[in-house]
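*Asks:* Here the protein sequences line up with chains A and B, keeping their order.
According to the working numbering, the residues represented by the first sequence are 1 to 298, in order.
According to the working numbering, the residues represented by the second sequence are 1001 to 1254, in order.
Treat the hints with care, as some may be off.
In silico contact screen, one side only, chain A against chain B (beta carbon under 7 Å); selected entries [said to hold, decoys possible]:
| hint | residue |
| --- | --- |
| 1 | Asn2 |
| 2 | His70 |
| 3 | Gly218 |
Quick look at which bits of chain A chain B covers, simulated, 3 or more residues with Cβ under 8 Å [claimed, not checked]:
| hint | region |
| --- | --- |
| 4 | 5-15 |
| 5 | 206-215 |
| 6 | 219-227 |
The hints are simulated quantities; they were obtained by calculation from the structure and are not laboratory data.
In this text the structure is predicted, and so the values were computed from the model without any measurement.
Think of the CB as a built atom: it goes at the ideal place given N, C-alpha and C, for glycine as much as any other residue.
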Amino acid sequence: MNPVPAIRFVLRSALQNVTRNFGISLASLLTVTLTLLGAGAAVVVVHALDNVLHSEESQASVLKVFLADHVSLQSIMQLESSLAAQHQVVSVQFENKDAAARQGCRQLGLCSALNTLRSTGGGNPLPASLNLKLRSIGAVTTINDEVRTSPLIFQGAHPTDYNPDVIPRLERYILIAQIAGGILVAVIGAVALVIITISIRTAAYVRRREIEIMKLVGASEWFIRWPFIFEGMMVGLASAVVAAAILLGVEYVFGAGHALFLGIGVRFALTVIAGLLVAGAFLGAFGSMVGIRRSLAA
Amino acid sequence: MFRSHHAQPPELPAVRTAPTRPLIVFERVFKTYGNGNPALEDVSFQVRPKDFVFVVGASGAGKSTMVRLLIREEVASRGHVLVDGQDLRRLRRRQLPRLRRKMGIVFQDYKLLPTLTVEQNVAFAIQVTNPGRRHLKEKVAEALYIVGLEDKLLSQPGQLSGGEQQRVAIARALVHRPRIFLADEPTGNLDPDTSWGIVQLLLQINHRGTTVVVATHNREIVDLCRQRVIAMEQGRIVRDEVEGQYMDGAAQAL
Ligand SMILES: Nc1ncnc2c1ncn2[C@@H]1O[C@H](COP(=O)(O)OP(=O)(O)OP(=O)(O)O)[C@@H](O)[C@H]1O
Ligand SMILES: [Mg+2]
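If we strip away everything but chain B, and leave its shape as in the complex, we get (with noise of 0.2 Å):
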């Protein structure tokens, strides 16, 4: 199902006023790391405004590495990534800082600073990108009311569970406001019920019209959500379907 990015989605004629830029658009992605290893091959999506998209596969399947190009944390092989418009193989090093505010980034592994209190490791994100921006305490007050953590501001990481250390890095993922949300096995470190009000949060900040992309390999929670679901396999995109299950159903395949 590939599409070139020029290409526009069919047009509803009478409400929409103007067409949806794809926000996120995989071209022909090859990926080959210093090793020699293939971790993508041939890939290409493209991810609207709004969409919320689940990218499963096994172990070794090339997720991460998809969203270690979207931060630009790689360059593709070959093909090309845009990001809102923008070619990141073009990106100057120096312009990386802007795109990475587009973005808010989640990990497994929470990557929270253990000395700092919640509501200055939410803040560390403005700080450094923005000292001195006014009403600081509020914004991190907002993002901290949106993962429902607004009563645990002075403690320290270390004294919160798994799932709520993981709503912190989300709320300081959002702190920015970022117009696209990626997740990169948000919830690999946690039980199904913690995981399951993670990816309740992830699904209410797409309502808020945030684009959402979550890579994982949590089965139940793919299914149960039927959102968009790109699945891989070896480097590869095997399946892209709009209500996907996290195995190969009765879908529509490529």
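Isolated chain A (complex conformation) (with noise of 0.2 Å):
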């Protein structure tokens, strides 16, 4: 067999079963998409709090004390070496208020707002602090009520970044983000299957006097099913390119900056989209052959 007319009249006829039947294949268009799309949320989400999980457990035996503005270096390098002295503390590090902004900026995204409030002479907001190395995780609450007490610190709502159940929530979230994504895409995707294999179906009822006369003169199954299954694939790529497009659009616009994305680079992404391709044309593959089952049959 010829692969180069093989391929045309594969094209050809899926082409026109799309346009033949363009208001099914649009729904199950959207439904795919739709899929893909809560898959692909559910994915980006997942990832994102895995990855915001993972830096604060790196930084569970890490503490750091703000320290107020204005006080003298002298009696911070007091309490910095009574610190140190402790057997708990591995090591402190002082962290000038520079220093902080620079890290505001580059970690939480915070630039353009510290840019804005120093041109205004609105100065640096962020404060200098002590940043502690601890020995365990169970250290950072005893050495946190010690210095709590410290006239030296911050007098704000959270002189220090102790925060004793964060891990436990993020885990939490992963866990609740993961069943939901799961219960949504399996909901969504069986409809999806569904209506693509309500669509092959019309398309290969459109199309049964061409199937029996493809039988009828000996065309191999294989040969009649193509067609089919190439529209469900294109449906599915189409889907995947139009999920993936809202994914990525609604990062870059609402995502900039915003923890929950900070862990999303170019890999993922591409590694996302790859993904979503894939699970498109899969899915409408499947369900192209489902969908021709019945007519081929006999």
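Take the two lone chains and join them into the complex the hints point to.
*Replies:* Put into structure tokens, the structure is as follows:
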């Protein structure tokens, strides 16, 4: 069998199917897009939460003690050495206000806010800090309680970055996101599969004469099947493109600088896009196989 | 006149070089559809290469069932159907296209694609089985020439008479150069003159060396042609005559 005209036949038939049954093709495109969007969003959110969790965990035995402005360098050094003398403290590092601003700019995406403040004479609102590295997570609580009584430290809502339940909470969020995402994807995915199947069945019904003749003159089953599978894959791939565009668009517009999206790099985005394309093609092909089966029987 | 397909026909010693193996064999075939209706009961016959056979009988006698078994649209409930030595019961699903390409098949309702031209309808049979085959246009033109429609290449089926549409269907069935040509009521929708033209065409195809089996209840034509007739009644063969008539005449009954 010569592949070129065969491929041309498959492409032409598949395109005809899409244009002849535009309404139902559009319906399957939308449901597959929804499925992929749900799956993609779940993956992205879980991945982002995971990233936050990891960075929190690595910082779990780190305690940042914010210092009040205008305290003398000498008293700071006294506090520093008294802390360093403690058994549970591995190291103490002083971070001045400029370094804090650089950190805030880089890690929290606060650059523009900080710049605005500085240019309008607002100065740098971020406090200097002593960054303690502790031997254990358990030590964080005791040191935190102790250091809070010092007159040197920042008198605000958060004198340290101590947050005892952030990790269990994150873990719970990740679990919820995984379960909810899984259920959502399974439900919409089932609906999408059914609609693809109906759509292909409709296309096969519209072409029943043609299929009958193809069988009669001895076309192979795969030759009969391919246009429909290709149609399904085209719908699936188009849905993947739409879903990827929406996901990336949302991230671009709302996600820039947001903590949830900090961990999403180009590589992860490309992986997600590739995954969406594969999933879309697979959904389309599988739905088509199911949809065309009845027409091929006997 | 049941004859096992192992038994050879009596040989003429001198001229014939090889015994002709029957092309179609029905061996004690029973067919019962899902609803329990027996459509064929104990049907046995053979068709040799280049034979021309009418299968006749009243409505419901089992003619179409016979055709469906031959193209393996249905499988015999009991017994064996052999085509070119191959037992269709043992034919695997993916071998079916090969069987179908050995056969040209036409029906009462032509089964043409209304949006395609005459030429495209005939070419379709090649495009979906052997895309990219060379000399496609020539092969299509040749088939259309045989059926006498070489000047209607660009017409659409809707612009043709019933007889012409059946000729297009015949051309499409011929384009693979089939060994066996099956026609189920090919003249069922045609007036007598047009029917006669179609049957002439089938005889001509037979003269070119193709085995032809025609299921019909067109009495005039069967009586005029003086070809082999297999007569069916309620799923059984009641007559099988070399130069038969539609009705039981002074026949060599079974
Ligand atoms: N798909 C089917 N399911 C159930 N019964 C069937 C089916 N096809 C045919 N039959 C039955 O089998 C018997 C033979 O039918 P068949 O179509 O072979 O007859 P026929 O000789 O071709 O008749 P006609 O001249 O009307 O075309 C009939 O009793 C018919 O009702
Ligand atoms: Mg019939």
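*Asks:* So which of those numbered hints doesn't the model satisfy?
*Replies:* Structure breaks hint 2 only.
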